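Which chain is which? The protein sequence lines are W and D, in order.
For the first sequence, full-length UniProt numbering gives the first residue as 1, with consecutive numbering after it.
For the second sequence, full-length UniProt numbering gives the first residue as 1, with consecutive numbering after it.
It cannot be assumed that every hint is accurate.
Claimed, not checked - The calculated EDC-like cross-link candidates involving lysine to aspartate or glutamate, where the alpha carbons are at most 20 Å apart (straight line), are:
hint : chain 1 : residue 1 : chain 2 : residue 2
1    : W       : 444       : D       : 311
2    : W       : 214       : W       : 183
3    : W       : 505       : W       : 211
4    : W       : 456       : D       : 311
Worth flagging that the hints you see were computed from the coordinates, not collected in a lab.
Remember, it's a predicted structure, so these values are computed and weren't measured experimentally.
So you can see what is in the structure, the chains are spelled out below.
Number of protein chains: 2
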Amino acid sequence: MNEVTARRARGGGGSARRAERTAVRMDTAKFITRNIPNFEILNEEALQIIEWNAETVLEEIGVNFLENPAALQRWRDAGADVRGERVHIPRGLARKLCATAPSSFTQHARNAERNVEIGGKNLVLAPVYGPPFVRDREGGRRYATMQDFRNFVKLGYMSKWLHHSGGTVCEPTDVPVNKRHLDMLHAHMTLSDKPFMGSVTEPSRAEDSVEMAKLLFGADFVDRNTVMTSLVNINSPLTFDATMMGALEVYAAANQAAIVSPFIVGGAMAPVTVAGTLTQVLAEVLAGVAYSQLIRPGAPVIFGAFVTSIDMNSGAPTFGTPEASHITYGAGQLARRLGLPYRSGGAFCGSKLPDAQAAYETANSLNMALLSGVNFMLHACGWLEGGLVSSYEKFVMDADQLGTLHHLAQGVAVDENGQGMDAIREVGPGGHYLGCAHTQANFKSAFWRSDLFDYKPFETWEEEGARDTETLATARVKKLLGDYQQPALDEGVAEALADYVARKKESMPDAFI
Amino acid sequence: MNEVTARRARGGGGSARRAERTAVRMDTAKFITRNIPNFEILNEEALQIIEWNAETVLEEIGVNFLENPAALQRWRDAGADVRGERVHIPRGLARKLCATAPSSFTQHARNAERNVEIGGKNLVLAPVYGPPFVRDREGGRRYATMQDFRNFVKLGYMSKWLHHSGGTVCEPTDVPVNKRHLDMLHAHMTLSDKPFMGSVTEPSRAEDSVEMAKLLFGADFVDRNTVMTSLVNINSPLTFDATMMGALEVYAAANQAAIVSPFIVGGAMAPVTVAGTLTQVLAEVLAGVAYSQLIRPGAPVIFGAFVTSIDMNSGAPTFGTPEASHITYGAGQLARRLGLPYRSGGAFCGSKLPDAQAAYETANSLNMALLSGVNFMLHACGWLEGGLVSSYEKFVMDADQLGTLHHLAQGVAVDENGQGMDAIREVGPGGHYLGCAHTQANFKSAFWRSDLFDYKPFETWEEEGARDTETLATARVKKLLGDYQQPALDEGVAEALADYVARKKESMPDAFI
Numbered sequence: 001m002n003e004v005t006a007r008r009a010r011g012g013g014g015s016a017r018r019a020e021r022t023a024v025r026m027d028t029a030k031f032i033t034r035n036i037p038n039f040e041i042l043n044e045e046a047l048q049i050i051e052w053n054a055e056t057v058l059e060e061i062g063v064n065f066l067e068n069p070a071a072l073q074r075w076r077d078a079g080a081d082v083r084g085e086r087v088h089i090p091r092g093l094a095r096k097l098c099a100t101a102p103s104s105f106t107q108h109a110r111n112a113e114r115n116v117e118i119g120g121k122n123l124v125l126a127p128v129y130g131p132p133f134v135r136d137r138e139g140g141r142r143y144a145t146m147q148d149f150r151n152f153v154k155l156g157y158m159s160k161w162l163h164h165s166g167g168t169v170c171e172p173t174d175v176p177v178n179k180r181h182l183d184m185l186h187a188h189m190t191l192s193d194k195p196f197m198g199s200v201t202e203p204s205r206a207e208d209s210v211e212m213a214k215l216l217f218g219a220d221f222v223d224r225n226t227v228m229t230s231l232v233n234i235n236s237p238l239t240f241d242a243t244m245m246g247a248l249e250v251y252a253a254a255n256q257a258a259i260v261s262p263f264i265v266g267g268a269m270a271p272v273t274v275a276g277t278l279t280q281v282l283a284e285v286l287a288g289v290a291y292s293q294l295i296r297p298g299a300p301v302i303f304g305a306f307v308t309s310i311d312m313n314s315g316a317p318t319f320g321t322p323e324a325s326h327i328t329y330g331a332g333q334l335a336r337r338l339g340l341p342y343r344s345g346g347a348f349c350g351s352k353l354p355d356a357q358a359a360y361e362t363a364n365s366l367n368m369a370l371l372s373g374v375n376f377m378l379h380a381c382g383w384l385e386g387g388l389v390s391s392y393e394k395f396v397m398d399a400d401q402l403g404t405l406h407h408l409a410q411g412v413a414v415d416e417n418g419q420g421m422d423a424i425r426e427v428g429p430g431g432h433y434l435g436c437a438h439t440q441a442n443f444k445s446a447f448w449r450s451d452l453f454d455y456k457p458f459e460t461w462e463e464e465g466a467r468d469t470e471t472l473a474t475a476r477v478k479k480l481l482g483d484y485q486q487p488a489l490d491e492g493v494a495e496a497l498a499d500y501v502a503r504k505k506e507s508m509p510d511a512f513i
Numbered sequence: 001m002n003e004v005t006a007r008r009a010r011g012g013g014g015s016a017r018r019a020e021r022t023a024v025r026m027d028t029a030k031f032i033t034r035n036i037p038n039f040e041i042l043n044e045e046a047l048q049i050i051e052w053n054a055e056t057v058l059e060e061i062g063v064n065f066l067e068n069p070a071a072l073q074r075w076r077d078a079g080a081d082v083r084g085e086r087v088h089i090p091r092g093l094a095r096k097l098c099a100t101a102p103s104s105f106t107q108h109a110r111n112a113e114r115n116v117e118i119g120g121k122n123l124v125l126a127p128v129y130g131p132p133f134v135r136d137r138e139g140g141r142r143y144a145t146m147q148d149f150r151n152f153v154k155l156g157y158m159s160k161w162l163h164h165s166g167g168t169v170c171e172p173t174d175v176p177v178n179k180r181h182l183d184m185l186h187a188h189m190t191l192s193d194k195p196f197m198g199s200v201t202e203p204s205r206a207e208d209s210v211e212m213a214k215l216l217f218g219a220d221f222v223d224r225n226t227v228m229t230s231l232v233n234i235n236s237p238l239t240f241d242a243t244m245m246g247a248l249e250v251y252a253a254a255n256q257a258a259i260v261s262p263f264i265v266g267g268a269m270a271p272v273t274v275a276g277t278l279t280q281v282l283a284e285v286l287a288g289v290a291y292s293q294l295i296r297p298g299a300p301v302i303f304g305a306f307v308t309s310i311d312m313n314s315g316a317p318t319f320g321t322p323e324a325s326h327i328t329y330g331a332g333q334l335a336r337r338l339g340l341p342y343r344s345g346g347a348f349c350g351s352k353l354p355d356a357q358a359a360y361e362t363a364n365s366l367n368m369a370l371l372s373g374v375n376f377m378l379h380a381c382g383w384l385e386g387g388l389v390s391s392y393e394k395f396v397m398d399a400d401q402l403g404t405l406h407h408l409a410q411g412v413a414v415d416e417n418g419q420g421m422d423a424i425r426e427v428g429p430g431g432h433y434l435g436c437a438h439t440q441a442n443f444k445s446a447f448w449r450s451d452l453f454d455y456k457p458f459e460t461w462e463e464e465g466a467r468d469t470e471t472l473a474t475a476r477v478k479k480l481l482g483d484y485q486q487p488a489l490d491e492g493v494a495e496a497l498a499d500y501v502a503r504k505k506e507s508m509p510d511a512f513i
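Build the full structure now, drawing on both the sequences and the hints.
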């Protein structure tokens, strides 16, 4: 398939030489570049109303920048009306500040073949982020550990349709809170060669992320290039806290990318209506992105929108719902009009198990995200139970489905081969196409094929144990982890990273909150 | 919710009076009218190429009308070049003949509240059609019986988001082949008051369908109105057999609707490329619809496209794949340009079980069908194992998901209430929306909610047995069948139908092939 770049595990050093001897062929798809239109759910009038209202929110209601006098001063200097911690942004100012943010940027990986271009018609896929629990069929639901974290990084590295190693693929709860970012970064940097995310849980941890990236890529390279994309959530409604803004400040100053992302359960953190939620999302992103450009004009930044609906009976967030789709489609249009890369979507579901509910909800979300024009999709695989759980089985189930997005995005070829008129002539009424020349020439790349699902005859399937999808996924997890081979890394770099982690850990007492 | 019409079981006669006493409130949604755009995957140039090529196919290659001298004569009279059983249709002729077919029509139900409008921006949902097997969790996979058939008609009648009772919801293999259409029609006519489909397996069975419809609706009413929509498959590639055309002739002459539908597994019955398949689909539909208009100009007819891909490793048809989506999106554009209602999509999957594979594949298909502009979706619930199995559990799982299509299709309201500016003002930065006036006024209708899925807290879910979706669905099937109450029917009509069925059955020996 033309979007797939074949590669081999490469060597340098003892373990690398062993890898070379037993190398398994590993395919990784290039990030998606859409050759299909986006789905535009809002008309021009609706877009203008929402954009007008968002500016009204910024000017009239304003946004809070908490415990951050420097931020308030920056806003004052930029022309905002600051009252206490409330920043009132005059109509048009935030949009004007956003104009210096790039519409697209390259995030570099240590393996240059894995570099991703975030923006434009592209879609970059990254795994689940944040769950404190993991689940697999044999071990059930349990607190996540650093061993789980490493396993998920390995699965991500082995997944053909995944372009990005992500960030907190699960929370390693067995490592102290103030030290786990070091182990997590070390895992991404050494167990995978795909691009990754930095820590945001404290400004000092963002600084550690930049320092470790400099060890991996070289300080000069990091000064000149973007090598991390990190997740900066907004405390919706309309609140920017000092922790997240502190991380944003570190990354923007270092020219590293941040996703500025409202985190919204509709009806709780935003109005219960779609247009109202879009208004608040746009206001929040305008303020957050504008602030990033006050730190460093031109710093790469992404228009984020994590949005879902709520079950008004139980108060539980719900996923894969029509209203979440409406918001995601609409936010994509707003992001494109603002000229910013767009982050949204994911393998979202509320189900406790990787069952049919999980798959319906997830497929609803994934399809919608592709057609929404999303450029960076966090949570693209492995998300379970409303984001409380990283699921081993669902990770490989979702990662397989991501292949459908690649093929959908290719669009329809109408060249001579695509038209297939010679085939229709050759076969004629009543014939069949399986053996014709056109089919023989095209069949290998014509249809997407799952690497996981069951396509066997009923009798064979039954003889082999009548396995359901979760059972097939359990086997695939084991196979991938068994086949895993660590990508080679310069020994000096590996030592420097290990040393940095050890030194920083020694410098602090453990903290578990 | 505004799209839902509440109704009660109504009475007349003894059983009806009992029904009245114990009446359960039953909601049925109105058919979907889209307030969102369609997804247009092909540009104007691609559409023109495909349309030009389809006409080339009709003129140069032609189509076969087998064992049907009257059809060949009709084509000759219309100006086609007929050689043997091959009909070569001059460029433009078929499209011209199609122009008399209505772009939209009403299919009447015996309960006028259940009438459906097929065409335009509407989407009518009907259940699975054709499987010889059924499956449920407790009984496993087995040949379908008339008892199963009646159960599926009851489930369809009870399903809020299903507008149509369908046709062969499963093949009742315990009834002789030459008599089962009588029992099936009788079940649709008496166990449900939703619109239904007629028999197509022989012209005489189509005639029985019309006769029974006249008993149910009155002969005058049937002469003046469309009360059945029936499925006429084309033997792709490019072949129209005497059985299917015989049924089409009966229905068109009686002004009853037919879906003219290529049945295509890509790479087997059509070229392995998307544009090639679309070319053949369009040629086949043009020929079939044109023929319906030769029988009776103005007869209601639907542009059908049953298309899926093939697994080139095993030869198995595959479902929910990107290529099937490409074809379905493209065929919708071709149908709209031809001014015909469009049938495609369905709850398609290849999985043997109602598991995650089934749900991923199904959700891919359902979402794509909504955005493709489908007007009539057969197989909208209950389809399992590539259409070999009608699944009880998947029937209610899919039927629940159809609710998401209703809500998606509503689009985004941007009136004052939708904008929600008062809510944003009331809540302000750092507040929450759960209690605000706008939320209170809107929460009941703001978000779609599944009637099946699990939204409970983890601990509650675990205490209640950690049930997966299939387990929840088993319970729902039992509940619906337990709550079922037969809709009242005039006693004279009921007797006439029973008498017709008995008389016809007596008039023929049993045949099982």
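- Query: Given the hint that residue 444 of chain W pairs with residue 311 of chain D, does the C-alpha gap stay at or below 20 Å?
  - Reply: 10 Å, holds
- For the pair we were handed, residue 214 of chain W and residue 183 of chain W, check the Cα-Cα distance against 20 Å. Distance ~16 Å between residue 214 of chain W and residue 183 of chain W Cα, so the pair holds.
- Pairwise hint evaluation, residue 311 of chain D against residue 456 of chain W, where the allowed Cα distance is 20 Å at most: 10 Å, holds
- Going straight from one Cα to the other, do residue 505 of chain W and residue 211 of chain W come out at no more than 20 Å? 14 Å, holds
Of the numbered hints stated above, none is contradicted by the structure.
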